[in-house]
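Visitor: The listed protein sequences correspond, in order, to chains A and B. Numbering-wise, full-length UniProt numbering puts 153 at position 153 of the first sequence, and it's gapless, one number per residue. Numbering-wise, full-length UniProt numbering puts 267 at position 267 of the second sequence, and it's gapless, one number per residue.
The set of hints was computed from the structure by calculation and includes no laboratory data. The model shown is predicted, which means the values in this text are computed figures rather than measured ones. A hint or two may mislead.
[To be verified] Residues from chain B that keep clear of chain A, each with C-beta distances beyond 10 angstroms, as calculated:
1) HIS61
2) GLY84
3) GLU134
4) GLY136
5) PHE161
6) ASP198
7) ALA204
8) LEU216
9) ASN220
10) HIS228
11) LYS277
12) GLN303
13) VAL305
14) ARG362
[Said to hold, decoys possible] Calculated lysine to aspartate or glutamate pairs in the EDC-like style (CA-CA distance at most 20 angstroms, straight line):
15) A/LYS165 x B/ASP341
16) A/LYS268 x A/GLU50
17) A/LYS166 x B/GLU46
18) A/LYS352 x A/ASP341
19) A/LYS271 x B/ASP275
20) A/LYS277 x B/GLU281
21) A/LYS165 x B/ASP275
22) A/LYS277 x B/GLU101
23) B/LYS271 x A/GLU281
24) B/LYS239 x B/GLU101
25) A/LYS166 x B/GLU101
26) A/LYS306 x A/ASP275
27) B/LYS166 x A/GLU54
Cβ coordinates follow ideal geometry from the N, Cα and C atoms, glycine included.
Protein chains: 2
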Amino acid sequence: MFSWIALGMDKMNFMSGEIAACLDHMKKHVKIVGAKMKKWPGSTWETIWEVGREDPRRVIHGLKVGLSLTLVSLLYLMEPLFNGIGQNAIWAVMTVVVVLEFTAGATLCKGLNRGLGTLLAGSLAFVMEYIAEESGHVFRAIFIGAAVFFIGFASTYIRFFPHIKKNYDYGVVIFLLTFNLITVSSYRVHNVLKIAHDRFYTIAIGCGICLLMTLLVFPNWSGVELHHSTVSKLEGLAKSIEACVNEYFSDEEKETSEDKSSEDPIYKGYKAVLDSKSSDETLALHASWEPRHWRHCRFPWQQYVKLGSTLRHFGYTVVALHGCLQTEIQTPRRVRALFKDPCIRLASEVSKALRELASSIRNRRQCSPELLSDHLHQALQDLNTALKSQPRLFLSPKTHQSTPTPTNANANANANLLALATQKPEKGMGVSLTSFKTDTLALMEWKSNKRASCEQAKTLRPTLSKIAITSLEFSEALPFAAFASLLVESVARLDLVIEEVEELGRIASFKEYEAEDEQVVVTCERPKGESVAGDLKNLPTEGAD
Amino acid sequence: MFSWIALGMDKMNFMSGEIAACLDHMKKHVKIVGAKMKKWPGSTWETIWEVGREDPRRVIHGLKVGLSLTLVSLLYLMEPLFNGIGQNAIWAVMTVVVVLEFTAGATLCKGLNRGLGTLLAGSLAFVMEYIAEESGHVFRAIFIGAAVFFIGFASTYIRFFPHIKKNYDYGVVIFLLTFNLITVSSYRVHNVLKIAHDRFYTIAIGCGICLLMTLLVFPNWSGVELHHSTVSKLEGLAKSIEACVNEYFSDEEKETSEDKSSEDPIYKGYKAVLDSKSSDETLALHASWEPRHWRHCRFPWQQYVKLGSTLRHFGYTVVALHGCLQTEIQTPRRVRALFKDPCIRLASEVSKALRELASSIRNRRQCSPELLSDHLHQALQDLNTALKSQPRLFLSPKTHQSTPTPTNANANANANLLALATQKPEKGMGVSLTSFKTDTLALMEWKSNKRASCEQAKTLRPTLSKIAITSLEFSEALPFAAFASLLVESVARLDLVIEEVEELGRIASFKEYEAEDEQVVVTCERPKGESVAGDLKNLPTEGAD
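Working from the sequences, and respecting the hints, build out all of it.
Guide: What follows is the structure in structure tokens.
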């Protein structure tokens with residue numbers, strides 16, 4: 001009995017504790033909101049300014065919407081127009097609010113969906129009316145109810161079809177809306193088809209104004225947007241890969257910040273590429289409605305989507321390269337420096353090719369036949385030569401211990417591993433492994449003995465895994481090998497990108513490349529052979545093997 | 001003069017050619033459509049069946065929408081209800097069509113947005129009416145026109161603010177719609193506030209039915225969907241990384257198909273992860289409106305989004321691993337086999353950890369403290385040992401030519417390189433490089449002499465780049481080093497994933513882990529030391545260096 005009461009008390013304590021925590025949380029929230037309110041006017045002005053500065057077309061679009069609404073309101077406000085059209089003028093206002101979108105393609109897509117949905121629903125409702133006309137009052141109500149149920153079910157279900165969802169989702173909603181409005185109204189209002197007819201006119205006027213505004217007054221084209229975004233993605237990747245390699249070989253040690261701040265030029269370069277799938281597809285869908293390129297039968301917007309997907313895959317390679325910069329085990333800078341020149345040259349050749357592709361798309365011309373220049377091959381070969389000239393590089397670090405290196409200290413910069421790390425250069429490898437072994441054993445014992453509470457386990461685990469990775473005596477060059485291999489991989493991926501861009505140029509009939517179009521300035525000359533060879537000599541080649 | 005005519009004729013020829021191409025294209029299109037129409041009934045039934053089978057909740061949702069619409073139509077169809085509510089009942093129908101969405105969160109989000117937008121617009125319109133009431137007819141029209149313009153501009157512009165766009169986009173549209181309807185109507189209809197008042201009731205009824213249906217009848221929760229999708233993403237990654245490593249070390253040669261068919265288990269595993277950003281964010285947004293977890297003050301849906309982003313970054317590493325399978329230069333299978341056991345074990349440990357994380361989230365319990373098992377460390381160490389036991393591996397392939405290998409033939413399976421490839425094993429490396437050199441030189445001459453037309457350049461370039469990559473005598477082990485390094489990298493990324501999952505468990509107060517919850521069956525035992533050592537002996541260690 002007492003235990004029950006105690007349990008109940010416990011529960012109440014627990015609940016009151018929860019409520020107190022909740023109140024606490026709310027208090028904090030209120031404080032934060034209060035602080036925000038003080039800064040509110042300033043930050044709001046900043047946002048307003050920033051949004052407009054980022055893309056001035058937004059301001060224009062806002063003005064366009066305001067103007068269209070005012071124009072369409074005139075139908076209602078001006079006496080002669082109102083006399084002609086009447087109360088239904090309000091439907092024109094509704095149409096403008098709902099249909100007018102930022103780009104011409106989106107407006108057309110929505111407008112046509114709306115038109116098609118309304119027409120279909122009107123026809124179907126007419127058929128229904130025809131069937132139900134002769135029947136009695138009660139039967140008619142049942143018939144309408146059943147029709148509403150069935151059409152509601154069918155059109156909701158149809159919205160899950162991938163093809164419908166992608167292209168006609170809005171149209172189906174409008175179909176359902178209109179069908180219900182007409183069918184249900186027809187039960188009590190008898191001139192419903194007359195009303196539908198009148199409304200159709202005003203909706204057509206609304207659509208007309210939208211088309212006028214979207215196609216003729218400062219039009220924004222989805223196609224152009226897609227085009228520009230593709231160009232900027234190519235340029236972003238070019239920047240990213242260059243910055244990545246430069247940072248890898250830079251001399252000063254950067255603290256590896258875990259949070260990818262937007263300031264990081266590498267992250268900024270590929271960020272837009274990675275999550276571009278849905279925006280690409282939407283833009284391509286809207287672009288396919290735009291009348292601009294109808295003379296080409298069908299402008300290949302889907303090719304842009306394909307190119308985007310290839311670029312995303314290129315982007316994943318760049319992310320993996322970026323990962324090499326942030327990983328736990330690092331090849332010492334001294335070793336990296338040996339391969340600095342060929343790697344930087346290779347990266348700059350890849351990004352040059354990407355920039356050439358970007359400029360070819362921007363100017364809608366086919367890409368230069370000298371795109372994959374001999375410089376690229378030269379850089380690949382130099383990297384190859386450099387790698388081969390260092391056969392001993394991939395040996396375990398212990399085999400060339402004769403030279404004093406700051407290697408392990410670098411790799412194990414982790415504070416709580418410092419003791420372990422400073423031990424290592426003195427002791428042999430077996431010792432180091434043993435020391436790790438005992439470490440784990442100790443941890444295991446500690447765990448089984450103490451029934452580690454989760455809070456403790458949390459602080460423990462990351463360290464544990466870091467020990468596991470950094471304490472391993474992987475061949476120092478392994479991470480560099482990964483870096484080099486990914487760099488070569490990026491060249492292979494570049495090929496796929498070039499193929500897609502060429503395909504795009506072919507389908508979209510870009511103008512032919514003319515050598516006079518631009519003088520390609522070769523900025524990255526191959527440095528003199530001596531300097532590379534000189535660098536390479538620095539590595540101790542006397543192995544203990 | 002003649003030249004002008006000739007030019008004109010040329011242009012006409014060009015245009016007629018274009019038109020002919022267009023017609024051709026259309027004919028093809030018609031044929032394809034015809035063929036499709038024949039298969040239409042069968043494939044449609046298939047799609048209908050498939051969509052329902054994939055997720056039976058879709059059928060239920062369809063039935064719910066049908067039922068709600070019928071219920072709301074009764075307001076209009078049944079005499080007593082209609083007498084109470086009148087013509088405005090039609091607005092309830094509209095509300096249901098527009099507001100009722102698949103998940104409870106989405107419905108609530110839309111419903112509240114709609115409600116808020118309508119209320120705000122109504123209040124603002126009331127203020128406007130109050131100001132304009134006393135003025136003359138003409139001034140009033142001008143005032144209304146100006147208000148419509150200004151509010152139209154401001155609310156369109158405000159939709160570009162990231163915060164508004166994310167949370168209240170629909171609400172702003174409804175605000176604009178309602179404001180215009182009321183303000184413009186008020187010019188001619190004088191009891192407009194009475195109408196608005198009546199409509200508000202029917203809209204409330206519509207919203208009520210939507211809430212009832214969405215919250216009480218077979219509810220679908222966005223939160224649960226997000227939860228499940230996170231679990232399945234973790235499991236997909238686990239499958240993917242395992243399949244990837246298994247395929248890398250499998251004995252039979254698979255043809256590397258460039259198109260990532262959906263059948264590929266590796267691609268299938270990580271596909272859902274890569275493009276999950278927008279769906280994750282939408283689900284989290286909708287989930288935050290759901291009342292299910294209100295007792296937690298604020299359930300940490302944003303933590304799911306953060307975890308999703310970490311998973312995406314893990315996914316990029318898996319993509320890079322997958323890239324190692326498809327790359328041009330491949331480490332020969334004979335060499336790979338040496339590291340088969342530790343790599344496969346490492347991968348299976350990583351995927352075991354991912355599966356444990358998935359199951360911990362699925363069961364809403366904190367994850368096992370033995371998550372990063374010693375098996376993982378053991379596998380890491382074994383890989384380390386295996387790598388170190390092969391110091392000569394990273395030498396150029398020419399240095400251990402004594403054993404006959406099918407290596408280069410494999411790597412250069414490219415048909416047009418066969419001649420080059422078969423030459424290579426016989427000749428020394430210098431020769432091979434020279435042969436490549438002359439190849440490029442020949443190409444360069446050919447290019448400069450012949451002014452390569454772009455069509456020719458297209459067929460030429462990919463080959464050129466493939467020659468460049470495959471003909472390089474990179475150390476054979478370089479690609480394997482990348483593979484191993486990425487595998488180790490995935491362990492490091494796993495750490496970040498674990499951190500996020502633990503953070504999620506902490507914030508969402510998952511129940512504590514109990515050892516009895518499930519008996520972890522250790523399936524991947526460490527193979528006996530002898531077999532590894534035996535394998536390692538197979539590599540020829542007599543170098544020519």
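Visitor: Flag every earlier hint the structure violates by its number, smallest first.
Guide: 1, 5, 11, 15, 22, 24
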